[in-house]
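Novice: Guided by the hints, dock chain B onto chain A, whose structure is given.
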Amino acid sequence: MSDTVSEELKARLDAFVGQPMGGLSTAPDPVNVAMIRHWVDALDDQNPIYLDDAVASAGRFGGIVAPPAMLQTWTMGRPKIQGLAERGGAPTTFETNPISVLDEAGYVATRATDSELEFERYLAPGDELESSSVVESISDEKKTALGRGFFVTWVTTYTDAKDQIVGRQLFRVLKFKPAVTSSPEADA
Amino acid sequence: MSDPTKTSPNWSEIAVGDALPTFDLQLTASVIVAGAIASRDFMPVHHDKDYANAQGAPDIFMNILTTNGYVSRYVTDWAGPEAMIEKIAIRLGVPALPGATMRFTGSVAQTERTGSFGRIEVTICGTTNIGDHVTGTVVLTLPADP
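In order, the protein sequence lines correspond to chains A and B.
Here the first sequence is numbered in my numbering, starting from 207 and rising by one per residue.
Here the second sequence is numbered in my numbering, starting from 49 and rising by one per residue.
Same shape as in the complex, but just chain A (with noise of 0.2 Å):
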């Protein structure tokens, strides 16, 4: 890659820390005891505040909670499965952000590298979830063993329907080119 093209790249990335990181995300369906199911169900999680009501009304939380990790998934965009690999496995059309102008200049692999979650308080059945993100920063390019990519950070806001803070998600993920094995640098 020339140094042209780098530096033009990187203005273009610098020009979205601070902004939005798309729009404001509107979960699908409130906190449901359905989606927690699938979720208990898929880590095999035995805490019992998630689907039993007598133990979780018996206790701290007076009711059923959602398991806490689940945040994140609450407000996932909905998918389009057909064309998923096609679109570089971006799951759903993005409006322009860092990491799909990333993906246009081929640093097309994507790998979670760090998550910090908060918790404000624990959501039950009904909450109703918005999410906003804001680019924190971007990495100059940087060599790795994965490849060459850049280091995006963001950092992701949850609201209920009182537009009370429930929790908030510092997210950095990788985006980088392969580092293809026939290379001479894959053993770097």
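Worth double-checking, as some hints may not be accurate.
[Stated by the list, open to error] Computed spacing ranges between beta-carbons, pair by pair:
hint, chain 1, residue 1, chain 2, residue 2, range
1, B, T162, A, A240, 34 to 40 Å
2, A, D259, B, I178, 37 to 43 Å
3, B, G179, A, D220, 31 to 37 Å
4, A, A217, B, S155, 43 to 49 Å
5, B, D72, A, R293, 33 to 39 Å
6, B, R161, A, A221, 44 to 50 Å
7, A, D235, B, V142, 31 to 37 Å
8, B, T76, A, K216, 30 to 36 Å
Please keep in mind that the hints were generated in silico from the structure rather than gathered at the bench.
All C-beta atoms, glycine included, are put in the ideal place defined by N, C-alpha and C.
Specialist: Chain B alone, transformed into the frame defined by chain A:
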């Protein structure tokens, strides 16, 4: 030890240095796909091996939401139904791939009483045959005067 599906440990008996029981998670394609879809993460690298290969990965690998879910489960398997998790801060290392066993270990790093609750910081690690998949800390509270 008490059954964490019924009761939480006594706050007063939790001390810095306490080890959480070890948990071995057998990783299969089913475990990885089930977690990805339950968390509504449809990125093909978490369910489509050919796609994962094209991205330079040897196989499909666990998504971060599922990793967070297992970290949460690991800690509450010990801390029980009265625990409320306040924070899960993790760093991802090597991917969690089908065929591996991920061993979770953890220990109490810090305890502090705040009002009627005890706050506990737990250090956790999930390791496979190729290295650490996840390292980090979980902060939770338990009622101090149950």
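Novice: Tell me the numbers of any earlier hints that the structure contravenes, in ascending order.
Specialist: Per hint list: single violation, 8.
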